[in-house]
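**Q** Working from the sequences, and respecting the hints, build out all of it.
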Amino acid sequence: MMNDYDVVIIGGGPAGMAAALSARKTGAEKVLIIERDRELGGILQQCIHNGFGLHRFKEELTGPGYAGRYIKMVQADPSIDVLLDTMVLDVEQDKIIYAVNPKQGMLTIQAKAVIFTMGCRERTRGAIRIAGGRAAGVFTAGAAQRMVNMEGFLPGKKIVILGSGDIGLIMARRLTLEGAKVQAVLELMPYSNGLTRNVVQCLEDFDIPLHLSHTIVKVHGKERVTGVTCAKVDENRAVIPGSEFDIECDCLLLSVGLIPENELSRTIDLAMDSLTSGPIVDQFRQTSLPGFFAAGNVVHVHDLVDFVSQEGEIAGNAAAKYALGQLPKAQRVVDIEATGGVRTVVPQHLSITPESPESVRLFMRVGKPEQRITLVIESAGKMLYTRKLAVAKPGEMIVVELPADKVCECTNKITVSLVK
Amino acid sequence: MEQVKRRLSCIVCPMSCQGEVTLENGSVTGITGFTCPRGEKYAREEVVAPKRTLTTTVRISGAQLPLLPVISKTALPKDKVVDCARFLSNIRVQAPVKEGDVVCADILGLGVDIVAARDLL
Ligand code: SF4
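Residue numbers (the UniProt record's numbering), protein chains in the order written: chain A, 1 to 420; chain B, 1 to 121.
Ranges of calculated distance between the beta carbons of each label pair, as one might list FRET restraints: (1) B:THR29 with A:HIS211: 34 to 40 Å; (2) A:PRO369 with B:ALA95: 43 to 49 Å; (3) B:ALA95 with A:LYS232: 48 to 54 Å; (4) B:SER61 with A:ALA76: 24 to 30 Å; (5) B:LYS78 with A:HIS211: 20 to 26 Å; (6) A:TYR385 with B:THR29: 38 to 44 Å; (7) A:THR124 with B:THR29: 50 to 56 Å; (8) B:SER89 with A:ASP207: 16 to 22 Å; (9) B:PRO66 with A:LEU89: 29 to 35 Å; (10) B:GLN94 with A:LYS181: 30 to 36 Å.
Derived coverage of chain A by chain B (criterion: at least 3 residues anywhere in the stretch with Cβ under 8 Å from a Cβ of chain B; other residues may be distant): (11) 38-51; (12) 149-156; (13) 175-189.
Far from chain B by the CB rule (all over 10 Å, computed), these chain A residues: (14) GLY27; (15) ILE268; (16) LYS382; (17) PRO394.
Quick caveat, the hints were computed from the structure, so don't treat them as lab data.
Just so you know, these numbers come straight off a predicted model, no measurement behind them.
Virtual Cβ for every residue (Gly too), placed ideally from N, Cα, C.
**A** Okay, here's the thing in structure tokens:
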């Protein structure tokens with residue numbers, strides 16, 4: 001069976017749904033979303049806390065509430081097909097997609113343009129190498145979130161959380177509300193990677209201790225986790241001997257970072273950014289392979305879903321134009337380089353087209369927390385943009401809108417950096 | 001006259017603005033550092049009568065999932081949040097449910113309704 005589509009979107013989370021709607025708006029006639037879960041919405045469906053959609057919907061929604069608004073818009077458009085419970089197995093460079101589901105078996109789909117919106121995955125115990133046996137009770141925070149919020153299980157009664165990213169903080173509160181005792185949250189870095197509001201309302205509200213510059217050196221227990229040994233680390237993140245102490249627990253949750261999920265991107269050899277762990281894209285979210293686009297957490301891990309949706313829209317619009325043969329070819333490509341304190345920048349280059357240029361949003365993350373610094377964007381010694389920042393944290397993305405006239409002026413490499 | 005200053009991080013939106021509230025004899029006389037009026041309102045309340053929105057789940061029968069996410073329609077007194085969550089853990093609803101349907105009216109007599117956060121059909 002062969003199915004033809006203008007735009008095929010792999011992943012039905014916030015980026016994928018926004019991409020589908022935007023592709024339709026731009027004129028794509030047949031759009032398909034392929035989703036491996038039983039419903040659309042992606043990770044939002046398990047993020048039952050509120051705080052989503054302030055930019056997009058001007059109100060504060062829960063994750064399922066935000067997803068629900070997009071699902072309704074997708075369902076209202078008969079030209080957007082959705083395949084649920086469907087796993088993409090392989091993608092070829094000529095845009096043939098092989099997928100499988102329990103109802104239809106193997107599917108072969110031909111797209112004119114493909115958008116990758118697979119989101120991201122959690123780093124696991126293997127990725128951070130904690131010593132100890134294979135006792136049950138070690139989970140990633142996101143897996144625990146799904147258990148508690150969607151499946152109806154509690155992963156443990158006495159919990160230790162390693163990592164103070166937002167998912168870890170939110171799970172500390174969630175488990176407390178469900179009657180578990182959260183013994184402590186440990187953070188390797190001297191600062192929390194989560195939003196300040198989450199430190200306040202998820203930990204301080206419930207008197208859950210946060211140990212900064214601490215890590216876990218051993219997990220105890222044979223059948224089931226019985227406790228962990230923690231230790232303080234120095235400024236090089238090396239364990240300080242003699243600082244070890246034990247915490248009793250029957251469950252260890254890991255919230256130690258997210259990695260864009262790019263197996264498919266690698267099978268077709270997309271050029272990747274080693275720092276974002278996502279494909280290198282231009283301002284249209286086109287990857288190194290023409291006709292392949294990417295948006296959302298598969299490109300770089302976002303803090304706000306609003307920006308994920310926005311990126312999906314950019315990719316959906318450009319992919320539809322590509323499918324219709326309307327995406328202008330780049331006259332020249334201008335690289336954007338993150339230096340001097342800025343760790344990552346997306347997009348990684350600009351495709352300057354003859355069409356009237358549009359302003360471009362740059363998304364940046366700093367390498368470490370800074371205070372009272374200036375963000376400088378320049379090209380060939382010419383200042384394009386500066387902004388004074390009172391604080392800059394790795395956990396909070398910096399977003400800058402580069403005006404259209406600055407974009408078309410650029411001929412040389414653009415650099416973004418922090419200046420004291 | 002007793003003057004106290006309290007540093008607060010606003011939790012209303014992800015900007016997490018840092019501000020300061022000045023209290024004189026228990027009443028608010030100055031607020032600085034919050035970038036929008038919602039932050040000022042939060043700070044004023046936080047020092048006098050802190051409130052939090054509750055999100056949790058209740059059991060649901062007859063749906064494709066066993067749990068329904070719910071949210072308090074407005075914020076609850078902070079010290080009642082855990083009690084409300086415990087109370088809701090004993091509630092069961094029947095599908096179909098639409099986002100916004102009241103799952104528990106006037107929870108614990110606090111004058112706040114708990115509503116469904118999504119459709120579950
Ligand atoms: S003061 Fe306003 S902008 Fe700042 S965190 Fe609070 S709500 Fe957000």
